[in-house]
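Enquirer: Fit chain B to the known structure of chain G by using the hints.
There are 2 protein chains.
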Amino acid sequence: MQQYHKMDKVQIARINKYNVLRCLIRNGPINRAAIAKRADLSIPTVMSIIDDLFEKGMVRSMGKGESSGGKPPEMLEVVPDRFYYIGVDIGRTAVRVVVNDIISRQIACLQEPAGELFPEKEFVGRLCALVMQIYGPLHVEKDRILGAGIAMPGLIENETGNVLFSPDFGWNNIPLKSWLQASLPFPVIVENANRALALNESYVPGEEDHSHTTFTVNLGYGIGAGLIMGEDLYAGASGTSGEIGHITVDRGGPLCQCGNRGCLEAVASGAAIAGQGRRLAEQGMSPKLVEFCGGKPETVDAAMIFRAANSGDGAALEIIDTAAEYIGIGLSMAINVLDPDRVVLCGGLMRNGPLFFDRIKASLQRHQMRQTGRQMVLTAGAGGEYSTANGACRVLANSLWRRWALPI
Amino acid sequence: MQQYHKMDKVQIARINKYNVLRCLIRNGPINRAAIAKRADLSIPTVMSIIDDLFEKGMVRSMGKGESSGGKPPEMLEVVPDRFYYIGVDIGRTAVRVVVNDIISRQIACLQEPAGELFPEKEFVGRLCALVMQIYGPLHVEKDRILGAGIAMPGLIENETGNVLFSPDFGWNNIPLKSWLQASLPFPVIVENANRALALNESYVPGEEDHSHTTFTVNLGYGIGAGLIMGEDLYAGASGTSGEIGHITVDRGGPLCQCGNRGCLEAVASGAAIAGQGRRLAEQGMSPKLVEFCGGKPETVDAAMIFRAANSGDGAALEIIDTAAEYIGIGLSMAINVLDPDRVVLCGGLMRNGPLFFDRIKASLQRHQMRQTGRQMVLTAGAGGEYSTANGACRVLANSLWRRWALPI
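Protein chains in written order, with the numbering used here: chain G, 1 to 408; chain B, 1 to 408.
Only chain G is shown next, with the shape it has when bound in the complex (with noise of 0.2 Å):
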């Protein structure tokens, strides 16, 4: 019995022109007759809808297309630099900022390094300046800007946009959408970092059919999760779901910096990999780990382990070893209960060479449930550096549609 939305005819009119303007962003060019086919409109309707985007600068001609017999029709597309997404992503190591198109066509990029992270008023100040570093050059009105999304690593409040803890960063409640907001001349949205790089991962170049459910785990300095159902991103009850770094998979392991023992993050995470890396360095027990840290173990990081494991160093073989068993049971138990079709593994770990993955993937294989309905894939992303700024800009527009608030 479920609840359907009042209709009327404002309504109805809204949802025409946003159907039709899907089509030309996802299908244009393309002529009025096959919009009005595939949004299952009638051509008049089609027609005034076009012309009240061309009013408004969001459609151009393309010229005539190939006649199927009477007069070549005309061909249509979006306007791709008629508006802009700005998204950004606040790491630990590297603030990363990007403007996307409305056709999310990526047009600009920047980044550097985070730096010191206190006192937090400042560092979102530093921010506001790099939005704007790369808003300046773009030479466009503001309102051309439809806003900023903005990924953070931690839990974030999804209706205020506070930070109610940020392990990663060591912030508590810090109310980041309200400092942004009071600092930039276009909206703002907050969501939590796993989330946005799984909105950008779950898409597919050159996919039409947005129906699959994708899981998205980010193996870095932590580790966290987001999930994708369709278009939409599954945000649970209060805005704390995917965080799959904090589930016990060693019972009375090691402390986790969230208070509890044998957390996925604290046995398997870059940090843990690499604090298992150290401890090996100083003991001596690796040659290869001794070798690259120059002798001073507390330089040890990840990737240093992961090179001494793909040069054969036993110790730092087993590290690897043992982090990918870890991860392969987590991600069987989230697949257990999520029944996704596509599982995406990304972040600083995968970017380690095909060691990992395989080793990951054997230890799924080994502990998930076997009988299921699903083809499942597993993949490593495919987003590169820029996937989470990506994926804020995705929140962005997500929210814009939504709400039907696109400025058309």
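Derived from the structure by calculation, the hints contain no laboratory data. Accuracy of the hints is not assured; some may be wrong.
Stated by the list, open to error - Below, in silico cross-link-like pairs of lysine to aspartate or glutamate (DMTMM-like), each with a Cα-Cα straight-line distance of 25 Å or less: (1) 9/G x 52/B; (2) 9/G x 8/B; (3) 361/G x 250/B; (4) 361/B x 341/B; (5) 142/G x 101/G; (6) 37/B x 8/G; (7) 9/B x 40/G; (8) 9/G x 51/B; (9) 296/B x 282/B; (10) 56/G x 8/G; (11) 9/B x 51/G; (12) 9/G x 40/B; (13) 361/B x 250/G; (14) 9/B x 8/G; (15) 9/B x 52/G; (16) 37/G x 8/B.
Expert: For chain B alone, coordinates are given in the frame of chain G:
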């Protein structure tokens, strides 16, 4: 860039009619003006819809209400026995059937032992006979039965209603829906039993706001779960979501019937608890259990172990403690990933007093991630022994409402 469904006048009229009907079901007796206000419709629109529903026998007058100045308004309510839903819970030990009216009141129920499960077609024949046995005494035309919702444990293929695999039943590739549909004179829909149960348990009587995310876990002979978002079942990609029973909680632990080791179901289900108790009784390690089973260890069941534990038997208590510990770990994993605001524990194991619930809650508190934005409520299921059968009615109702397929 979500896809919006095409809207036209026919669609609007349909949505308005369903909104009025929902209002009558949830808020009746109610007068026309109050419906118009709640459903955000004009009074003439409501009047014409009510006329139509009168004609179809869906609504009746309850006399005059209180006047708020002018003429006292006519109070209306839905005719509750205009249509019925049938719900069937195919359990490993018993089959239960209910008839619910259009306002979800249970008006008939019956159950019988499941008996022999093979040959499958014969078993399904007995199911149909049971359904006809409850239908007969209703003395209503078959088109007043909106259909039969069937709750079946195991992996159900959504599109066909085939049982791909049911470990509890030992069934493989059984066309359950087709077989039932061939013998029953009304539409049939098949859903996983844990999900049907979850749907029923997600309804809180008197609650109008159905916006909760509820995770319901069925702790019985096996262990499964269902996630309800608002009023919708989360299905996953292939229909195998909620398989919390097969997450690995004890690496290298006992073999599970799914073929893996250390699954939650292999260490904490009714079947697992009974197995552990039998071994205790065989080895004479639990005086109480030896007493309760009259020296026949093979007759020990989970309920006996709870009785022994309740009466202070240390060895039996340890079994319960360990099971509760693992269930708490399993719950904490699901909660970290799904972020529900309600978790409901149901099933046979919960019928053994507060001992088990309290221990599970304590384990959950030990393993749950501490920093979240949620106020999560953990409760025991309140739906009783027909909860899954009533859930099967709700599965059917949801399907009909979603497709605007009520005969109105």
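Enquirer: With reference to the structure, classify each hint as holding or not holding.
Expert: Taking the hints in turn, this is what the structure says about them:
1. 9/G x 52/B: 23 Å, holds
2. 9/G x 8/B: The hint holds at about 9 Å.
3. 361/G x 250/B: Given pair residue 361/G, residue 250/B holds - Cα atoms ~20 Å apart, limit 25 Å.
4. 361/B x 341/B: Distance ~15 Å between residue 361/B and residue 341/B Cα, so the pair holds.
5. 142/G x 101/G: With a Cα-Cα distance of about 14 Å, the restraint between residue 142/G and residue 101/G holds, given a limit of 25 Å.
6. 37/B x 8/G: Judged against 25 Å, a Cα distance of about 16 Å means the pair holds.
7. 9/B x 40/G: 14 Å, holds
8. 9/G x 51/B: The given pair, whose Cα atoms are some 24 Å apart, holds under the 25 Å limit.
9. 296/B x 282/B: Roughly 8 Å separates the two Cα atoms, so the pair holds.
10. 56/G x 8/G: With a Cα-Cα distance of about 24 Å, the restraint between residue 56/G and residue 8/G holds, given a limit of 25 Å.
11. 9/B x 51/G: 24 Å, holds
12. 9/G x 40/B: Given that 25 Å is the threshold and the Cα spacing comes to 14 Å, the pair holds.
13. 361/B x 250/G: 20 Å, holds
14. 9/B x 8/G: 9 Å, holds
15. 9/B x 52/G: It holds: about 23 Å lies between the C-alpha atoms, which stays within 25 Å.
16. 37/G x 8/B: Roughly 15 Å separates the two Cα atoms, so the pair holds.
Checked against the numbered hints above, the structure breaks none of them.
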